[in-house]
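Student: Sequence:
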Amino acid sequence: MNKLKETFNDIMKGRYGSDHLNVVLVGVGFIFWIINLFLKNSALVLLTNIMVIYALYRSLSKNIWIRQKENLRFLDLTKNFRNKLKIFKLNLTDKNFKYFICPNCKQMVKVPKGKGKIEISCPRCNTKFDRRS
Numbered sequence: 001m002n003k004l005k006e007t008f009n010d011i012m013k014g015r016y017g018s019d020h021l022n023v024v025l026v027g028v029g030f031i032f033w034i035i036n037l038f039l040k041n042s043a044l045v046l047l048t049n050i051m052v053i054y055a056l057y058r059s060l061s062k063n064i065w066i067r068q069k070e071n072l073r074f075l076d077l078t079k080n081f082r083n084k085l086k087i088f089k090l091n092l093t094d095k096n097f098k099y100f101i102c103p104n105c106k107q108m109v110k111v112p113k114g115k116g117k118i119e120i121s122c123p124r125c126n127t128k129f130d131r132r133s
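Each residue of the sequence shown is one higher than the one before, counting from 1 in my numbering.
Errors might be hidden in some of the hints.
[Said to hold, decoys possible] Derived DSS-like pairs (lysine-lysine); straight-line CA-CA distance at most 30 Å: (1) K84 - K95; (2) K128 - K106; (3) K113 - K86; (4) K128 - K110; (5) K128 - K69; (6) K62 - K95; (7) K13 - K69; (8) K95 - K117; (9) K113 - K128; (10) K40 - K79; (11) K115 - K128; (12) K69 - K95; (13) K84 - K62; (14) K128 - K117; (15) K106 - K79; (16) K79 - K110; (17) K89 - K110; (18) K89 - K62; (19) K69 - K79; (20) K62 - K40; (21) K84 - K113.
These aren't lab readings, by the way, just hints derived from the structure by calculation.
Produce the complete structure using the sequences and hints provided.
Tutor: Okay, here's the thing in structure tokens:
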């Protein structure tokens, strides 16, 4: 078993490995694969295979700088979605506070729950906005 592990480590030396974009590519590919079990669509099979092969190509790539640029571009494109998802999760789990995003500077602001309609002042840019807590 150790020999196999050493061989794998030797193969992966100098390779890029996994990142956020690879995880999303494989995850979406898996979801498409599950959907295709019911739809039997050849275009969906092709798309799934392309996504998984591209993720594998990225993982085994030795051009680390390019892969990092691709990942940063992906993270920049998905930043707003990830922030909204984070706030949604926080609002579901935190029973004492509600979280909002400042419309001016996009700073996350935490306010106590159950105070009704309040005026919130952003700590970063001092913009005032009304929300219901």
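Student: Now look at each hint and say whether the structure bears it out.
Tutor: To see whether the hints hold, each was checked on the structure:
Proposed proximity of K84 and K95 is supported: the alpha carbons are some 18 Å apart, at most 30 Å. Taking the CA atoms of K128 and K106, the gap is about 13 Å. The hint holds against a cut of 30 Å. The hinted pair formed by K113 and K86 meets the criterion: a straight-line CA distance of about 17 Å does not exceed 30 Å. The suggested pairing of K128 with K110 holds, with an alpha-carbon distance near 14 Å, which does not exceed 30 Å.
Pair hint K128 plus K69 does not hold up; C-alpha atoms about 36 Å apart against a cutoff of 30 Å. Distance check on the hinted pair: K62 and K95 sit about 47 Å apart at the alpha-carbon level, beyond 30 Å; violated. Under the criterion of a C-alpha separation no larger than 30 Å, the hint pairing K13 with K69 is consistent with the structure, at around 20 Å. Between the alpha carbons of K95 and K117 the distance comes to roughly 17 Å, so the proposed pair stays at or under 30 Å and holds.
Taking the CA atoms of K113 and K128, the gap is near 18 Å; set against the 30 Å cutoff, the hint holds. Restraint check for K40 and K79: not satisfied, since their Cα atoms lie roughly 33 Å apart, outside the 30 Å limit. Simply put, K115 and K128 have alpha-carbon atoms about 16 Å apart, close enough for the 30 Å limit, and the pair holds. Taking the CA atoms of K69 and K95, the gap is near 39 Å; set against the 30 Å cutoff, the hint is violated.
Restraint check for K84 and K62: not satisfied, since their Cα atoms lie roughly 34 Å apart, outside the 30 Å limit. Taken as a hint, the K128 and K117 pair is honoured in the structure, with Cα atoms around 13 Å apart against an allowance of 30 Å. Taking the CA atoms of K106 and K79, the gap is about 11 Å. The hint holds against a cut of 30 Å. As the CA atoms of K79 and K110 are separated by approximately 19 Å, the hinted pair is consistent with the 30 Å bound.
Taken as a hint, the K89 and K110 pair is honoured in the structure, with Cα atoms around 13 Å apart against an allowance of 30 Å. The straight-line distance between the Cα atoms of K89 and K62 is roughly 36 Å, outside the 30 Å bound, and the hint therefore fails. As the CA atoms of K69 and K79 are separated by approximately 15 Å, the hinted pair is consistent with the 30 Å bound. Between K62 and K40, the direct Cα distance comes to roughly 36 Å. Violation of the 30 Å bound is thereby established for this hinted pair.
Annotation: proposed proximity of K84 to K113 holds, straight-line Cα distance about 18 Å (limit 30 Å).
Of the numbered hints given earlier, the model fails hints 5, 6, 10, 12, 13, 18 and 20; all others are met.
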